[in-house]
Amino acid sequence: MILQKLATSLRQHDWGTALIEVAVVVLGIFIGLQVDDWNSARKDRIDEQQFLQDLHNDVLLADDLSHRVRQRRLDRQESITTAADVLFKRTGRDTLTAKECAAIAWSTAFNVTAPGISSVDELIGIGRMGIVRDMELRKALMGLLQTRAALDATIVEKSTSSNFRHLPGAFPELLKLEAYFDDTINEMSSHNDCDLEAMRTSRAFLNQFSSNADGYDAYIQDGLKPWSEQMDLVHKLVDESLGIDHPASDTE
812 MILQKLATSL
822 RQHDWGTALI
832 EVAVVVLGIF
842 IGLQVDDWNS
852 ARKDRIDEQQ
862 FLQDLHNDVL
872 LADDLSHRVR
882 QRRLDRQESI
892 TTAADVLFKR
902 TGRDTLTAKE
912 CAAIAWSTAF
922 NVTAPGISSV
932 DELIGIGRMG
942 IVRDMELRKA
952 LMGLLQTRAA
962 LDATIVEKST
972 SSNFRHLPGA
982 FPELLKLEAY
992 FDDTINEMSS
1002 HNDCDLEAMR
1012 TSRAFLNQFS
1022 SNADGYDAYI
1032 QDGLKPWSEQ
1042 MDLVHKLVDE
1052 SLGIDHPASD
1062 TE
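Positions in the sequence shown are counted from 1; adding 811 to them yields this note's numbering.
These aren't lab readings, by the way, just hints derived from the structure by calculation. Incorrect hints may appear among the rest.
[To be verified] Straight line, CA to CA, 20 Å or less: simulated SDA-like cross-link-like pairs of lysine to any residue:
1) LYS910 x ASP994
2) LYS854 x LYS910
3) LYS900 x ARG1011
4) LYS1047 x LEU956
5) LYS1047 x LYS910
6) LYS900 x ALA1015
7) LYS1036 x VAL967
The structure presented is a predicted model; accordingly, all values stated were derived computationally and were not measured.
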């Protein structure tokens, strides 16, 4: 109707009326765009809040699934380091602790549960990462994807490389395992028996252990540690976004 009136005014050279009608049309378009923008922004805020809730649930699940094993793998790095000092007589000790013997035995245990974050994958898949207003959180999520990819690549590379060997299988006379069910942690475990003196006199064993130790360090430094720290950072940031304060026992 307005466009018809505008056309009539133009034909009649009624410039004043035509100008008013053009202004009305432009104003109507502007208001319509503003309403659309407001509705879009409102939907984005609702979707962002839902995403943060889903993300928090996914992070809690991922942490629950991975925490036990990843912490065990991270702790093992220190035991491998101190075991190396004992093996190569860089300390005054002539005995290995149970943790050090176990670390030697499992110095090629590169596996870890590294769950994906489905809410992030879905948001990226539909191209809506822009709804996350917290730039630090958005960067942390991208970092989590990158460190997860690096961890996966590191695990594949270390697990398939011929440079690393399971020492109890390669040197059964030096390292003996005895399987048992550990009621305290409700899982299968093993007693590990290390013949330290024989290990020290076997150049083949020392060479292979050194290779394993180097590979395990790379697995931690290039794969597991960056991903683990990024997981903790994402958890911290999403908690801050949602105003969640976990009791200390929930996050330790």
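Structure-based check of each hint:
no.: 1; hint: LYS910 x ASP994; in the structure: holds, 18 Å
no.: 2; hint: LYS854 x LYS910; in the structure: violated, 54 Å
no.: 3; hint: LYS900 x ARG1011; in the structure: holds, 9 Å
no.: 4; hint: LYS1047 x LEU956; in the structure: holds, 16 Å
no.: 5; hint: LYS1047 x LYS910; in the structure: violated, 31 Å
no.: 6; hint: LYS900 x ALA1015; in the structure: holds, 17 Å
no.: 7; hint: LYS1036 x VAL967; in the structure: holds, 16 Å
The structure fails to meet hints 2, 5 from the earlier list, while all remaining hints are met.
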